[in-house]
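Enquirer: Read off the chains here:
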Amino acid sequence: MSTYVALLDGGSREQTIKVTPQGPGIYQVEMAGEVHRVDAFRHDYGTISLLVDTESYSAQLDQRQSEVRVHLRGSTFSLEILDERRLRMRRAAGRVVVEGRHTVTAPMPGRVVKILFKKGDEVKEGQGILVIEAMKMENEMKSPKDGKLAELFVLEGQVVEGGAKLAAVE
Amino acid sequence: MSHARPIRKVLVANRGEIAVRVMRTCREMGLRTVAVYSDADRGSLHVRFADEAVRIGRPPARESYLAIDKVLAAAELTGADAVHPGYGFLSERAEFARACEDSKLVFIGPRSQSMEKMGVKTSARARMREAGVPVVPGSSAPVADEGEAAARAAEIGFPVMIKAAAGGGGKGMKRCERAQELAALFQSARREALSAFGDDRLYLEKYLERPRHVEIQIFADERGECIHLGERECSVQRRQQKVIEESPCSIVDPKMRDAMGEVAVRAAKAVDYRGAGTVEFLVDAKRDFYFLEMNTRLQVEHAVTELVTGLDLVRMQIEVAQGEPLPIAQDAVVRRGHAIEARVYAEDPARNFLPSPGRISYLRVPNGPGIRDDSGVYTGWIVPQFYDPLISKLLAWAPTREQAIERLKRALGEYTVHGITVNLHYLESVLDHQAFRSGEYDTSFCTKHEQDLLARPDPRYERVALIAAAVAAYKRDHDQAEAFAARAGLALASRSHWQRIGRARALRGVLR
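Protein chains in written order, with the working numbering: chain A, 1 to 170; chain B, 1001 to 1512.
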């Protein structure tokens, strides 16, 4: 038997799931006080056919780094799944929250077309700090909080990768 | 058949799904095809699909797909005798059409003079007014700067639309509610227009409240014969970009269709048009219609008309470009059933439609009765950040509107794209929305129902999603463990028995 913990809603909810194999592709799954017999058949990439008791589902699993997106009957669930060991490691590391200083990162690769404030300027939460063009559309990158623009990591015209640090607000 | 200008080899001056779409018809007609590509597109589907391909420059469009000299050089190098511009990029640049005419290349589209007359939206509006076509109030010449824009906007009255004079496709187009926002929006529109069309002239137009966007497909041949193929309803738009298009439009009856068609043909004839064109109208609550602009090219959504009429518009474009007459007369055009298109974009509707370029790790496209998927991507393709986020157009045809909507919804459910975020759930929500179903919607639809359209996962299925993820994790962990054990076993078997015994003893020693 293996025990997993699923983190939902960005980690604010947890659900423990116990998986016990009972034969090729057959599992007993325990969750929130209920026990299901699950027959899992793996199709092509990322697609699993699931018979949960008698109900038939086709689930698609889109794995992205630590997150997995499960597509199922027109819904998408975004979650992280950890075994006990990974969960312990996660807890030990703890959550590092930098109070005060927030970094604005590029949500996608693109080009910085305009910087709207200078270093040291006061910015309000939700106010655009700079403009990134990707796929021919301009997108304003907004300040996560009220504060002072402490750092600008990019120049106008610069091409940035997804996740690149753009600015810091204090 | 003998043609005035026989075409044997077509260079497609575009990329992505439309380049593939055009090449498909070329192949059916037995014409050879030439692709052009930027460095970001070496692996693109259109390069693979073409008979020949020529690199034309670096990823930014200005250095590749918008570089007229490079495209013409590619045509010369490969001996292409015709150029199909697709939509966007050089498709509405009169100087490109003229450069083709000068170098004896057949431009599959209108004459450069017609494009000039329609291409600059401001002079087009003036010309249409002269031809007796109703137009939306606004500036009749491009505005020079923010100062002049402010003065014009005050005359017209807020809200106003800032539009690119060379524009189309929502690029360089901004809606402005208040005078305070005008300067910033004007500058942003100017940058977008420059990067999308290489032309930063802008003009202003009165923003009509809650209009519908309905357009008429027209087709003209060399002899000046011109027909219309009915309307497409394109009011479902986000950020001024069309999302869903359908035909027929639920408020257009045969009488209104004839009236709009007649005006559209009149507009085309006023500029001595040739080939495929679209006359866009805004329709107000009283079903009065106003000329918005004419797109002097094939539209993204042309396939909606193809499904309803059974015609191949790209084939007709090529035939007309060869000097042939239109293959069909106005009274022979038959419209059948209902067609609807959904644009699959690489974007995240939950984050204000933020583009989502990246690698498609898995792709499975829908199939089955009445479905057409015009796509330009494949599994493993990296959607580049330099171009439009459109990755595919999914269409459904059925005898009735309701069946067509259900069919498209069913197909969207079959569509699987992994690795990047796409708007599939958003499209499903649009099709499910009561206001869309009723047919009573206008261009404010996406903004007005913004909250309803953001799909939330159905809580009934959360349990199953968790089971799926846990079982997959279990299988992955145990497959890994087994594979490791198998490899370890293999490694063990390859050693001599003496070695193995020695190692086992040593291990026991350590353990003790």
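Treat the hints as calculated values from the structure; they're not laboratory data.
Note that the coordinates shown come from a computational prediction; the quantities given were computed from them, not determined experimentally.
Don't be surprised by glycine CBs; every beta carbon is placed ideally from N, CA and C.
Incorrect hints may have been included.
Claimed, not checked - Calculated cross-link-like contacts (lysine-lysine; reagent style DSS-like; alpha-carbon spacing at most 25 Å):
#1 K165/A - K145/A
#2 K1255/B - K1286/B
#3 K136/A - K1269/B
#4 K165/A - K124/A
#5 K114/A - K165/A
#6 K1255/B - K18/A
#7 K1269/B - K1255/B
#8 K119/A - K148/A
#9 K142/A - K1448/B
As the list claims (entries may be wrong) - Here are some, though not all, of the chain B residues that point toward chain A, as calculated from beta-carbon distances under 8 Å:
#10 S1188
#11 S1195
#12 D1199
#13 I1371
#14 P1389
#15 E1462
Enquirer: Check each numbered hint from earlier against the structure, then list the numbers of those it violates in ascending order.
Expert: Per hint list: 3, 6, 12, 13 violated.
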